[in-house]
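Engineer: Read off the chains here:
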Amino acid sequence: MINENLKSSFQFALLILAQIIVLDNINLFGFLNPIIYILFIITYKFDKNQTIFIFLCFSLGFIIDLLSQTPGANTISCLIVGYLRPFLINFAFKINSDMPKAFINDPNISHRFLYIFSIVLIHQLIYFSIIYFNFNSIYLIIKYTILSSIFSFILLWTLISFYKSL
Amino acid sequence: MQRIINALARNKNTVLFFLLLILSIYFLNSRSYYHQTKISKIGLILSGNLNNFSSSLIRYSRLRNENKLLVKENLFLKSNKIRKTYRNNKLITLKEKIYFPFLFKTAKIIKNSYNKRENFIIINKGKTDGVKMEMGVINSEGIVGIINQVSKNYSSIISILHNDLKINAKIKNTSYYGFLSWNGNKINIMTLEDIVSTANISIGDTIVSGGMSSYFPSDLTIGKISSLIKSKNDGYYTIEVELFKNPSQWEYVYIVENKDFQEIKNLQRKN
Numbered sequence: 001m002i003n004e005n006l007k008s009s010f011q012f013a014l015l016i017l018a019q020i021i022v023l024d025n026i027n028l029f030g031f032l033n034p035i036i037y038i039l040f041i042i043t044y045k046f047d048k049n050q051t052i053f054i055f056l057c058f059s060l061g062f063i064i065d066l067l068s069q070t071p072g073a074n075t076i077s078c079l080i081v082g083y084l085r086p087f088l089i090n091f092a093f094k095i096n097s098d099m100p101k102a103f104i105n106d107p108n109i110s111h112r113f114l115y116i117f118s119i120v121l122i123h124q125l126i127y128f129s130i131i132y133f134n135f136n137s138i139y140l141i142i143k144y145t146i147l148s149s150i151f152s153f154i155l156l157w158t159l160i161s162f163y164k165s166l
Numbered sequence: 167m168q169r170i171i172n173a174l175a176r177n178k179n180t181v182l183f184f185l186l187l188i189l190s191i192y193f194l195n196s197r198s199y200y201h202q203t204k205i206s207k208i209g210l211i212l213s214g215n216l217n218n219f220s221s222s223l224i225r226y227s228r229l230r231n232e233n234k235l236l237v238k239e240n241l242f243l244k245s246n247k248i249r250k251t252y253r254n255n256k257l258i259t260l261k262e263k264i265y266f267p268f269l270f271k272t273a274k275i276i277k278n279s280y281n282k283r284e285n286f287i288i289i290n291k292g293k294t295d296g297v298k299m300e301m302g303v304i305n306s307e308g309i310v311g312i313i314n315q316v317s318k319n320y321s322s323i324i325s326i327l328h329n330d331l332k333i334n335a336k337i338k339n340t341s342y343y344g345f346l347s348w349n350g351n352k353i354n355i356m357t358l359e360d361i362v363s364t365a366n367i368s369i370g371d372t373i374v375s376g377g378m379s380s381y382f383p384s385d386l387t388i389g390k391i392s393s394l395i396k397s398k399n400d401g402y403y404t405i406e407v408e409l410f411k412n413p414s415q416w417e418y419v420y421i422v423e424n425k426d427f428q429e430i431k432n433l434q435r436k437n
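First to last, the protein sequences are chains A and B.
The first sequence begins at 1 in my numbering and counts up by one.
The second sequence begins at 167 in my numbering and counts up by one.
It is possible that some hints are incorrect.
The calculated BS3-like cross-link candidates involving lysine-lysine, where the alpha carbons are at most 30 Å apart (straight line), are [said to hold, decoys possible]:
(1) A:K143 - B:K204
(2) A:K48 - B:K178
(3) B:K178 - A:K7
(4) A:K45 - B:K178
(5) B:K207 - A:K143
(6) A:K94 - B:K178
(7) B:K431 - B:K298
Hints listed in this document are in silico derivations from the structure and should not be mistaken for laboratory results.
Start from the sequences and build out the full structure, keeping to the hints where you can.
Structural biologist: Structural data, given as structure tokens:
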């Protein structure tokens, strides 16, 4: 139990550092920065306390916001994704979110794909909507959301494959 | 109470989520100027609509009073008209004609101000309705002010509750002329200056407009004398005038247009 919590906190810190130091400086095509810290939200144990999880999502986004000098877009998008995660799990795996280890053991790849992609897409959509916050730039918001989601998704998928093989 | 607590405990995740969401929106608002302006714009739209709604409700509840005032004003206008036609008929027989250069327009106050030292009022008539600068503005029971700015649909008025505005006034049925001004203390008390202390006046006398300026016709009622102090030094009265209608209750006004205003002004300029 302690071991698990320790692992979670280690992952938390490592993901934040990786995001700030490495991934925020990629600037692919001049504007694309993939997100990796959302891996914490994806891989956090399904059967843990949801209240603590919402708090953790909030603090994750907040720390990222503080370190990357953005006003609050990461906080809000992380918080909303964290709150919606049980519904997304239901939607993707067709099971109750209380069931443990569904993520690791589910042999069906399409389920996992749906789950990760929906989380990334929702996160990016909220993130860019808040950054632009204007109906007139809806075209830009959609373009950035789709490009950044695809890029992030590829990165996350590879990382999770490594993570599983560990 | 128990039920409320139970409901809160059952939905504690949702409650927590919304609390943190509000907190993060607050951070967003305080950390980014761009979002601050956007959010305050939304707030402005909301509060504007809300105020419009509540003011229309309040106005509805005031309709009875407003009707009473309108009836009173109608009576005044009708009696005036009857008197005028009577006089005109008589004068026609004498082959004479009274020249009356003033035209009137109605308007409604949309923003009244009375608690500053320099007060301005905004009304809902502007250039498209023929309002021009330096027209006088009156209401049913007194003088309101003089127009100083005109936009397409709105105009702003220097209220008589403004330090720099002096209005020519006199005591009714006499020829004692003075200047009415506001000293900034109480909103329904004004000061009348330049009345010599030999004048035979008393508390309760009515003050009317003097007609010496080209802004207002003469003999518009303004207020009544509420206090009278004879100054020993300079031989003038210090007179306090109580307005008939409290400025905080002003709502409908009449704009006075003097057809000869430009002519008089040109004449003054030549001197």
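Engineer: A separate judgement is required for each hint: does it hold in the structure or not?
Structural biologist: Hints, one by one, checked against the model:
1. A:K143 - B:K204: Measuring from Cα to Cα gives roughly 22 Å; hence the hint holds.
2. A:K48 - B:K178: Answer holds: K48 of chain A to K178 of chain B is near 15 Å, not above 30 Å.
3. B:K178 - A:K7: This hinted pair holds, its Cα atoms lying about 27 Å apart.
4. A:K45 - B:K178: Satisfied, since the Cα-Cα distance of roughly 20 Å is no more than 30 Å.
5. B:K207 - A:K143: Satisfied, since the Cα-Cα distance of roughly 26 Å is no more than 30 Å.
6. A:K94 - B:K178: holds, 24 Å
7. B:K431 - B:K298: holds, 14 Å
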